Amino acid sequence: MTLGWLMVSAGSLTWGAVPVGLEAPLADLRAVGPQGSGNEKAAAAWARVAAADGAAIPGVLEAMDGANDYALNWIRLAVDTIAQRELAVGRGLPVTALETFIADTRHHPRARYQAYELIRRMEADRAEKMLPGLLTDPGNELRRDAVQAVMNRAAARVASDKAGAIAGYREALGHAREADQIDEIAKALMGQGETVDLIRVFGWVTKWKMIGPFDNTGGTGWSTEFPPEKNLDLAAELDGKKGRVRWVDYETRNEYGLVDFNTPFTSLKEVTGYATTEFWSDGARTAQVRLGCKNGWKVWVNGKLLFARDEYHRAAEMDQYRLPVELKAGKNVLLVKCCQNEQTEDWTKEWEFQLRITDEQGTPILSTR
Amino acid sequence: MKSDFLNLSLRMNPMKTVVSVLGCSLALSLAAADWTQFRGPRGDGVSTETRLPTRLEVGSVSWAIDLPGRGISSPVIVGKRVFVTASSGAKQDRLHVLCYGLEDGKLIWERKFWATGRTMTHEKISGATPSPASDGTRIFAIFSSNDCVALDLDGNLLWFRGLGRDYPNASNSLGMSSSLMVAEGVLVAQVENDSESFTAGLDVKTGLNRWKLERPKKANWTSPVPVTGADGRTLVALQSSKGLAAVDPATGQVVWNYGEGASTVPSTAVSGGRLYVPSQGLTVLEAPVAGGEPKQVWRSGQLRPGTASPVVVGDRVYTLNDGGILTCGDAKDGKRLWQLRMKGPFSASPLAAGGHLYCVNEKGLVQVVDPSAPEGAVVSELDLGQTVIGTPSIAAGSLFVRSDGKLWRIGRESAL
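Residue numbers (my numbering), protein chains in the order written: chain A, 1 to 369; chain B, 1 to 416.
The set of hints was computed from the structure by calculation and includes no laboratory data. Hints may be right or wrong, so weigh each one.
Below 27 Å or equal to it, Euclidean Cα-Cα: the simulated DSSO-like pairs (lysine-lysine) are [what the hints assert, rightly or not]:
#1 B/K212 <-> A/K349
#2 B/K332 <-> A/K298
#3 B/K217 <-> A/K304
#4 B/K242 <-> A/K269
#5 B/K91 <-> A/K187
Keep in mind the model is a prediction, meaning the values are calculated, not measured.
So here's chain B without its partners, still in its complex pose (with noise of 0.2 Å):
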């Protein structure tokens, strides 16, 4: 359900974005803008919101909710539906696909699955890390143990796939976490591991494999990112252990490669025609726009993220360090600008939205920064008193966060 406002937002920068919006609150509070995948429609972690509240308190939630599983994967937000995956029992082997209401919390379907791959995972994880994804009539969700279904909006089974059943060697006993990702009318799978490595394109319509792309042999966690390829067209970016594969969707071919190897945790951001990989500490590509192969920009190793993934607002690109150490540097040529100590540790990915980044910790603690102070800053926090691992989503003027008990929507504004 994405929004003409929304897809002219795409192809901005979007700080200039931003400033457009600023200027221009009545065109906003007319289009609400989908969050349907990890880090958002982009996969970038930039929403086009303004309305999120920047003084967080106790008042600042809307809603909280109980989830009945484990789950670090992110919410999906559809007009006025919140999706949210958990996993449950004692070996995590219930997977649960839940709706709720944006404006009240109220649950409006439940799903459950019996996972048919392997269910185990590191502790701190659980069944329902990667996040499901939309493409705006349907809801997709995969599991770490590589079960895939597709639902309509009110919970109407569409398919189901057990890739962990399909391909038995195909997981990883820490578990799986690439997050989904829609494009051309094909759902991308990254089920990447130490053994039966692949990416797959499903049928949005059927779940039959459009292709099936056999990757390196390592675990990865990252996940798909679109960056536009030559021809306008969407391309997916591949991340893994041997650094970034674009591939076009319709047909699972490899239209460029960056093969100078690529962290298997932070994924990549795409900003204006850029690639921001994790590699080598953070290096930024120019995605080919007549064919070839990428450019590198610039390479930096004071811009090394550490789980979280980079974000890019305009000429400024942030990076995330476990610790909690955010750092800023310049877009154009990665100088470093400023550092700044915040509260650890981290292993969600900072959202930007209306000016400000929003971080929320490991402990729980969701803080507030602005960027654009001298050295950042961080203008406010809220504690949610929570274990909190995924990242958050934005959508309505609100922050969506979950840990493996509750839900929360931040702010207050309501949906359109």
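Just chain A, with the same shape it has in the complex (with noise of 0.2 Å):
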């Protein structure tokens, strides 16, 4: 296939070169969404992607710019396609484009990363040394192999180097973003005899107030508008499951961040808390509410809704759900409705979340106030 390039652009998205005669596959390609609208088109589209040649990678990749998660996905089996033929038949790829597509950080992070893997599979020795330039980088892959590669290199100075390794495994904290790998650091450090502030690093919702309990028999106190739900006055006394209910203080010392209902209402079943809190910010901004929690719960941040779950006591951990939200300038008001099912087992007594709030790459945002 000879390549040309042009620019064109799909609705209110640009990208940018793409390979000639493949402007219109990609195009319906980009266009699959939910409920597998547009499968039918992107079939046949993506067989003619698949069948360009390696030159034409870096174009195809960036299709990726702007492209929801579907169409990811159609574009980088496309990818991965024309790769493998390329190398089945010894022809390598245009590892220099792949480079300078990475380096140019405008490109959707999944491209840039498909990219890297193919690099690595090529020329694994040029991938390892990119990684040092990628640990600041805006993509969570890049970025998370990057700051494994430092881990890496601390643990392997454990032994013979042991303030070596601490500083790098301090390294490595400042620019990790995952929360599994901040955890592994901060057990390694910790194990090295040195303090991390985990509350502070993770960047926990710690203070907040609550009220409870109010009922779950039968678990229909989850869909239960309680007065928490439609006028939120902290100074209220409402009537709850065994009596009249106050707000009460309540702060977490726990390095997970944990708020335990537990603790201020006792071990309860079939009950429902709510915890509120408020959230300062210096300016308006895209922010996610990291939430983890093995109860039933509903999240509403400034009045609005932002997601519901009805799953008791499977399993919880660290940013489980990452909810999309749109904080103010000013005080945002968060508030938390937590559900306590019947379930009797020893692990089943858990009443509680974790919250923070973070950028979408996971870097902590802390209340201004």
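Using the hints, put the two standalone chains together into the complex.
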């Protein structure tokens, strides 16, 4: 396929250099959406894109810019297929062009990571040499690999150079954004006798006002609008499940930010609790509410329901749910509803959640007050 | 790629099939049976193969290969190709579909996706827990994130669905495991969980919803199995905590229902028009042949399966509990005939082929059982040395076993 380059636009999104002849099929791949919409046209388009030669890969990757998650997979697979065919016949891949593509952080992080994977497959040493430059990368996968390389070097120094290992882990901690990686680094540092302020590193929201218990017999409380959902009045005394209830102050000192309803309200079953707090932001901005919870829950910010889930006691982990949110400048009000069910096994006693606010990459955003 | 022989054998009593095949080895050698879904084309764990080795030894392994990710899904075998799913990455959000040569285990192609749904699972399992399925010309794969993909046998993408993205509360924080099943041109995806619980019938050509059936809001790890309807067409039996519903795969309409509850882990086995349902121990139902509801034939608390699904061969039903007790019952009345203590624990379901049972424990010990011995007998063992949770597959005179890191072919017959 002879390649030329031109600029095209698809809707309001502008994406860049597209191999000639692939504009229309790539547009069809970008047009896929929820419920399988666009699948039929995309299947034919995919075959045309996947038939391109290796030189087309950077242009095809560029079509990921601004694409939705469904389209990303269609395009990704076309690139995989092109690469596999090129490598099978010994033609190689345009490594220099891929390197240039990665360097342009305006491209979609996943496209850049796929380009990195292709380089790693072709020239592992070359890929490894790129990692130090990716420690502050806006793409989570590239950044994660770069942080992991620093962690690996630190781990290798533990026995022979404790100070060097600690310095390495500190460097990794400064750049890590994934909760599991931060946790691993923190534990390694603490294993060397270092102190890590996990509450601050993760950025947990620790100060809350809580009220409860309200009823959740038979799971009905999850869908019942108790007064805090209708009128958040922190001075109000309300009818609870077992009498009048009031808001109480609560601050967690748990390193993983666990906000435990059992502490103020004792271990109860078939109950509902609420927690609220103010979160102050210097300016209006896009952010994520990151929640971990194994109870039924709902989360509102400034009165808007972000998400609700009625699964009980399967499992919880940090950043289990990532809820996009638009923060206002100044005061924002968070409200969390947390429901406990009827199970009595030891592993069902938790009535708690953990919550932090981050940017899209996972950098903690702390309340300014 | 079902052969005529296989299509014929599907309508026969499995034990009679084995007997007839033994007397007709030439006929069998001309027909390779594909293993198209979890526990085989009938979803019952019974193979028509007779050439599997029974005296296992290290030399029984014809090849073993490394896999690029974790998984407990069963391999699917179509013709001379073995299809496997896997997941990788710190969050298990890289989803792999792999195609290997049956003869040599060499990689033919690999396709990788990004999960669009939640990927959190119990540590024992991973994103690649549900087994893929094939209609003979396409391979369908679904993952714990409820991402579902269709590829042709050469790895060309036909469609993609992000069911976990389309239905954002359809997930299980312990992981999803229900395997896919194809019937009447419809791919049945059982996406049942505590919250947004449903089963979908997807058009095999486009991935679009043909139907979507609301299902009990309860975590469910069982898999659909085919059962013959009154008109001879295939129905899909969907098991849940509520019981078992037979659904028309073309429309999603419930044709009949059994409502006395069932396990959410081991799946039903179908044999000779009867359904062996993990319900209150083991409950055997006669599928209705002229409308109406199924009739209970017998029920036994002594034949309660563990994680592994039951297997029925002729007039014998076998269940395996998690600790490793293999129980043999009379399929006619549920009377317990014998018990055999095996080396457990077990998660993988037993398979039957050539008059033997093949059981793989969680430590990777393959145990071959001769159930014709008076109390059953383990006739050979092979230690694979890795944790095995997933149910193996059978094709080409071989057992295909996978761990998180490896895929083994045990058996040396050439594919045809």
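Practice prompt. Given the hint that B/K91 pairs with A/K187, test it: the Cα-Cα distance must not exceed 27 Å.
Written response: Holds, because 19 Å separates the two Cα atoms, which is no more than 27 Å.
Fill in: Holds or violated: B/K212 to A/K349, with C-alpha atoms at most 27 Å apart
35 Å, violated
Item to complete: Decide if the proposed pair is consistent with the structure: B/K242 and A/K269, CA atoms, cutoff 27 Å inclusive.
Response: Given pair B/K242, A/K269 holds - Cα atoms ~24 Å apart, limit 27 Å.
Discussion item. Need the status of pair B/K332, A/K298: alpha-carbon distance at most 27 Å?
Written reply: 51 Å, violated
Worksheet item: When you check the alpha-carbon spacing of B/K217 and A/K304, does it fall within 27 Å?
Response: 26 Å, holds
In this structure, the hints that do not hold are numbers 1 and 2, in rising order.
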